[in-house]
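Enquirer: Take a look at the letters that make up each chain.
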Amino acid sequence: MPDISLKSMTALGSDDALSETFGAITISERPEVAIASLAARSDAPDPISVFGLSLPGPGEMVSGDGITIVWSAPRQWMILGEGRGEQDFASDVKAAAQDCSITEQTDGFVCIDLVSNSGAQPLQDLLMRLVNLDPARLAPGCATRTLLEHMSVFLIRYSERRVAILSMRSSAQSLWHALSTAAGFAAHRAEVRA
Amino acid sequence: MSRLPGGLIDRGRTHSFTFDGKAYHGHPGDTLASALLANDVRLMGRSFKYHRPRGVFTSGSEEPNALVELGTGARREPNTRATVAEIYDGLVANSQNRFPSLSFDLMGVNDLFAPFFAAGFYYKTFMWPASFWEKVYEPIIRRAAGLGSLSMDADPDAYDKGFLHCDILVIGAGPAGLAAALTAARAGAQVILADEDFRLGGRLLSETHRLDDAPAQNWIESLEAEFDGLPKLRVMRRTTVFGAYDHGVYGAVERVADHLPDAGTGVRQTLWRITAKRTVLAAGAHERHIPFANNDRPGIMLAGAMRAYANRWAVSAADKIAVFTNNDDGHRTAIDLAAKGVEVAAVVDTRSWAKSRGDYPFYPGATVSNARGRTGLVSIDINYAGGTERLECGALGVSGGWNANVHLASHHRARPVWREDILSFVPSGHGGPPGLSAAGAATGRATTHAALNDGARVAAVALSDLGIDALLPDLPKAEDEPATSQPYWHVPGKGRAWVDFQNDVTVKDIELAHKENMRPVEHLKRWTTLGMATDQGKTANVTALAIMASLTGKPIAKTGTTIFRPPYTGVSISVLGGGDSGQNFRPRRLTPTHVWAAENGAEFVEAGQWLRAQYYRQPGETDARTSVDREAAAVRSGVGICDVTTLGKIDVQGADAGAFLDRLYCNAMASLPVGKVRYGLMLREDGFAYDDGTCARLGEDHYVVTTTTANAGLVYRNMEFSRQCLWPNLDLQLISTTDAWAQIAVAGPESRTLLSRVVDGVDLSNQAFGFMACRELTVCGGLRARLFRVSFSGELAYEIAVPSRYGNALMTQLMEVGADLGVTPYGTEALGVLRIEKGHAAGPEINGQTTAQMLGLGGMVSRKKDAIGSVMSRREGLVGDKRKLVGFVPVDRQKRIVAGSHLFSLGARHATETDEGWITSACHSPALDSFIALGFLENGSQRLGEVIVAANPLEGSQVSVRVASPHFVDPEGARQRA
Amino acid sequence: MLIPHPLLGPRDAEEFTYMGDASLIARPSASDPGAEQAFSDYVYLRDNPAGVHRELWFHEAGDRSWIVVTRNTLTHEILDAQLARDVALASAAEAGE
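Residue numbers (my numbering), protein chains in the order written: chain A, 180 to 373; chain B, 776 to 1753; chain C, 67 to 163.
Just so you know, not all the hints are guaranteed correct.
[Said to hold, decoys possible] Computed beta-carbon distance windows for the label pairs:
{"hint": "1", "chain 1": "B", "residue 1": "1650", "chain 2": "C", "residue 2": "143", "range": "57 to 63 Å"}
{"hint": "2", "chain 1": "C", "residue 1": "103", "chain 2": "B", "residue 2": "1241", "range": "47 to 53 Å"}
{"hint": "3", "chain 1": "B", "residue 1": "848", "chain 2": "A", "residue 2": "192", "range": "34 to 40 Å"}
[To be verified] To be clear about the criterion: a stretch of chain B counts as covered by chain A if any three or more of its residues have a C-beta under 8 Å from a C-beta of chain A, and this derived list gives those stretches:
{"hint": "4", "segment": "812-820"}
{"hint": "5", "segment": "861-868"}
{"hint": "6", "segment": "936-945"}
{"hint": "7", "segment": "1217-1230"}
{"hint": "8", "segment": "1296-1304"}
{"hint": "9", "segment": "1416-1430"}
{"hint": "10", "segment": "1512-1525"}
Please keep in mind that the hints were generated in silico from the structure rather than gathered at the bench. Every value quoted in this text rests on a predicted model; they were computed, and no experiment measured them. Virtual Cβ for every residue (Gly too), placed ideally from N, Cα, C.
Okay, chain A solo, but in the shape it has when bound (with noise of 0.2 Å):
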């Protein structure tokens, strides 16, 4: 391991990873998932596994061992690696897939977990004040890359209570200021309704 000496920065721009909770809903910033992208070459083999999963289709997503991949774009995908924000794991991804053209999106992007501690609805509730999408086509297993509030942003339905955005890191500030917000009127509801 490399003993590096600058200090990383959250994509919030600060030391540690910021988390806050409004109602039933947690939003939590993820700096050590690890992103790389993977386009597959012309004369690349079909199927193409990686980390011993099948990429998936569009509008899909698989995860297993810490690795979740999510369909990008035709031939291309995003891989997500838990707990290797710190680690170059675009050569990772490199070394497991030599016939593919691999892209490091490590701090491209911005990640941030949206989780329910009540079940699939509160979650529900949330998305539909961001994102456009017919919730049949965001259950658990889907993920896809839509507008919110403006931005291009990858959603990833691990399971009904767990869904994680990705954005761009430049972004990071407006997306946390759009789910903070929506998330505190959802909760709002939710407790006006009970």
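With the hints as your guide, set chains B and C onto chain A.
Expert: For chains B and C alone, coordinates are given in the frame of chain A:
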């Protein structure tokens, strides 16, 4: 006036509110209109043009008269309908469009000048002199005629938005809508039921109809209980679906907290965008009236509204009422009010064959011909075969029949069709919003029985379209009395008979429009202002066009309606804005060194979405130029560092990456050796210069391309277009990596020394890492990085890239280890000065109007290959352009040159014909201690040394400037190669 | 408006950037005689029919696919949507035959 028995109000609780400063009481369930009526307030507003006293006319969102201002201070909202405003404790309401008070309005004098304000008065009266319109006439008209006023303060409330998707959207929760929603929800479909009211039930709430021989409320309550247990049904009260947009998209506003004293930490309103596979429009019907002389007296209202106030809100506008009708439905008002103990003075029916249905004076074949009582109805004149009779009454219910509410079905320019049998326009069933079907009274099936069954049937058809089987629910037995009506459109006679109350349009105005040949309905609308403003003529339009039809002798069916457009009712700009304003109005992008910059005195500037450090103000520096000059000078003499992350970075990989870039850039890229960077120029396909940047070859099949900050997104889009649409057979992979790498320019003669203190064991000597070299390496103890030896300033310079999370720390580190070198952070302003001094083109030069040749880069356009724009760049018109990029120095070196100035020969007239070019960029150069500029000049490169004029006629200034080489500093380029 | 993305289903038109006439896919060859005229037509001449139109949309906020959408410009009815790359490959294959 005391309350009548019954009603859907909570008498156990009381709300206090004020109207025009006076305190009143009402109950939960009341609207402002019902509560005011319960307090004997009949006068609620003043009309738009004539300031006529007006009372409430309807009991719903179609209200033309009772427009009020709600709230105080910054929360004041004008033009709110009292008929749909729920009261809450502490509500403050005020009347509007009156001075000094509602009961005594000085502007009422307008009424005396009524002939002056007749149809088309805008166009006729204020024609001459033309200059008077803006300065004199318009301000006077605006002051005299108008609606409420804005607070002019920022809206303090919060708003948000959301997106909903469903199989079936049901608009309206009356009998048809409830039956439709029930059918669809029981079938397991994803259903949204939206209604603008705060209670479900629609017209059932206002009638005494029984369902299965029980109060309708019982059925509604049982449905509500069932709805609560259906998770796929979303019931949205207080939600107005205001527009039908393409492909099943609907706009809706939910009034989340308008009925509460305070929204708390929540939102006031939510804008919903609903995507529905199918839509059932169950919007019911609107009653119309019958114009007669002075029919706008407060106390005269629609018969259905009078009945609604009595049945739902337990109020009557007067102790003694009368009804004027041309149909059976009007009789219900008399029956219901009589049953509640209100004295019915008369029922006047235009139909001679009509029969009395209650124990009250009945006038068949009669009309109401006049009304008295300036601020409240006192008496009416009844005309019948035997003569005229004056009858005292405090309120009159008028029914001219019902218009199906075809509004949303008529979006997308659909034309409703006239049905003579029911005297109503109904949706034609084609041309409207795809997937939308009307049900119940909205399509003329208006009895309770018909509405219930039609709602279920239409929902079942929509479900079957979606492949969902639905069972028709058991619906309660309900009244099924066919409405019989006589086509009777207005009572002829002297005196003004109002058709459109909100816009003060009378029968005479329509007759005048007819005489003046403004006969088509769209002309009628513009000429008279009929159907404009907040109510869009919901109670007026059909009556008006029927009157026009009778004047032209054309049938109503051929007369047609005006075009229906969203919104159905008014929508506040705040909610359309979706909530965020100020710095959150759009996304902001921050550079990886933003935190460091903010801590070190940076003034920031917006560059598209980015915030960039413009310059770093040091203690004692009072003006920007001092800071910028210091920063630029530090780069020339020592070393400066600047965050250049915002430049677009695109990763290009694949076996054909070089071939692809050869087609993208006008100059060659495939020949670039690995480990080298080349400047590249892209053209547009029309041959003009498009964007420039550098292209670094990191590997045999791996390039990193940079774009300008402004064009990062556009260039990427065009690269994807080229890859997917033009050359789909190439082996090529593209992805943006702009945000992944923090890129810092390190520029100045000491830059090598500074960088060598952070890179890990790499020889940076000129021999080992020369001008335009690039490589991957590590810095600061093993952090992966990329180093490019490129120069925008003309000095020995590098750009170093590290993963963005380390950008801030690298900036700090460079400042620390370079302290002895005097390392100076510089911002975009100094960056600009340095590149102007060096004569490098940037956005102002590559602005879409200039060519490679004009930029002095004509030699870069390769003739050996085809690239985007290369063919068109050779066309005669572009090749023949003699303007060239040159530099300019003012004759008086301390005189500022303004970018945008136009260039003229000395002594030439300053006109388009003599225009010889323009200044693109200008700044003060600390290196030359002079103002300098770049610009395009006719035959510029042959005119070095000539003195010409840079004129800025916008400011009335001009400067004598000497033409110079654009390369003010180090024209040989020795420094950057050092 | 909703654009029926061939891979992702109906998506809000806000996610897309519009570029117009799909004939832009057919870029002339620079080496043909009369290339300048062909490019002039390619760059400046566009059909703008009141009715059925084949046009290019870029899924900018999504998967970055260019899509050829066949749309009735009078009613906004969308009759077809295909990946532009597939359209380009098909026409390249046809030209190659």
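Enquirer: Indicate, hint by hint, whether the structure satisfies it.
Expert: Evaluated hints:
1. B/1650 / C/143: 57 to 63 Å: With Cβ atoms ~39 Å apart, the hint is violated.
2. C/103 / B/1241: 47 to 53 Å: Given about 52 Å between the Cβ atoms, the range holds.
3. B/848 / A/192: 34 to 40 Å: holds (36 Å)
4. 812-820: With 0 residues closer than 8 Å to chain A, the segment 812-820 of chain B misses the three-residue bar; violated.
5. 861-868: With 0 residues close enough to chain A, the hint is violated.
6. 936-945: Held - the segment 936-945 of chain B has 5 residues with a Cβ nearer than 8 Å to chain A, which meets the minimum of three.
7. 1217-1230: violated (count 0)
8. 1296-1304: violated (count 0)
9. 1416-1430: Holds, because 5 residues of the segment 1416-1430 of chain B bring their Cβ atoms closer than 8 Å to Cβ atoms of chain A.
10. 1512-1525: holds (count 6)
Comparing the model with each numbered hint stated earlier shows that hints 1, 4, 5, 7 and 8 do not hold.
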